[in-house]
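K.L.:
Sequence:
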Amino acid sequence: MTTTVVIGGNFAGMTAALELKRKGKKEHKVIMVDKSPLFLFIPSLIWVPFGRREIKDISFRKDTILKKKGVEFMHAEALRVDTEKQIVLTDKGEVNYDHLVIATGPKVKFDVAPGIKEYAHYIGTPNGAMKTRAALEAFKNEPGDIVIGATQNAGCMGAAYEFLFNVEKWLREQHIRKKVNLYWITPETFLGHFGIDGMTGGETMLKSFMKMFNIHYRTEVGIKEVQKDKVVLSTDEVINSKFTMLMPPFVGVDFVTKSEGLKATPAGYIPVTDDYRHTELPNVWASGIAVDVKLPFTPGKVPFSSPKTGYPSDETGKIVAENIYRVSQGKTKLKQKAWGKIPGICVMDAGKKEVIILSNSLFKPRNFAIMIPNVIFDFSKVLFEKYFLWKTKHGYSQLP
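In our numbering, the protein residues as written are -1 to 398.
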């Protein structure tokens, strides 16, 4: 049997493990190593601070599903890998592999500027989302100005935009909107860049949203410091803030950075070719956030990066599974699809409104790109959430 070890088990890792076992059947032993037995639908975390979702609504135990599909689950933390001996070292023992899939997700770099960890909220984890909920509950009794946005080097601007519009709607529902100056700050060179060099009509649409909702905004700014009651921008502008939520940059996890044999980039990502195979290690693969993605654009005054969202993570998980299976069959022709060539499929929530974003590729040049506003109800994002949770709960990794 060919043994493949998958490190990480959310979008990319779950898909890669299930798909490889589905394709390889009894010829492939697949082991997932993850420190959490839960699968979390991360895109819906933006609703948790407002009570629209509970963590239990968007998570489930993945170990039982994996077992049903024939994938072994090792509830352990991967510490490092010896690529010469082909051994993964965990806090619960060692695991040998023939192929290694790195689908570890990100480590959040809170120290990108002083005060971010201490005074800014972060909605990208269940704990962070629940702390944000508590902070908003306290805020409504003593309202003040709010700053929401992304720091220098960040890539996940989309989630911050979603939170911004959800906060604006929440303020109106609490009947305190007139008491709050709402600010959006971003390193993007223009509104709606999203780390993908924008979409046709995107900047105009977001400018109209900012005007309609009376949101002040600053582009091409970074964070110099966050204090308890203010945010200092890279331009030295000081904005008073009673509540601050910022998306910091992502970097590679400790497992990657502590494994010298992986020859990761300085940011801790895995260098791969368009088949998601390591550029130097033929039996090491990467999918999802762990992939090193080269920017096809040059940021402006302030650096920022590209988003690594759920759809490309799911797609790269499938590509990795297909290619490992082909290699095990003695085939040399592998499936290739560069990250930037994966279709752009995203629904940006805007506070029970939404913008549907579609393109034939994430990065330019594109043959097709469109942003469709839906000001009636955010049913597309809700539908996508329900579909993906249903699909994953049943182990239907082959579905789109």
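Heads up, some of the hints might be wrong.
SDA-like, lysine to any residue: derived pairs with alpha carbons at most 25 Å apart [said to hold, decoys possible]:
# : residue 1 : residue 2
1 : Lys256    : Lys384
2 : Lys177    : Lys256
3 : Lys384    : Trp168
4 : Lys256    : Lys391
5 : Lys67     : Lys391
Don't read these hints as lab results, they were simulated from the structure.
K.L.:
Each hint needs a verdict: does it hold in this structure or not?
P.N.:
Hints, verified against the model:
no. : hint            : result
1   : Lys256 - Lys384 : violated, 37 Å
2   : Lys177 - Lys256 : violated, 48 Å
3   : Lys384 - Trp168 : holds, 23 Å
4   : Lys256 - Lys391 : violated, 33 Å
5   : Lys67 - Lys391  : holds, 11 Å
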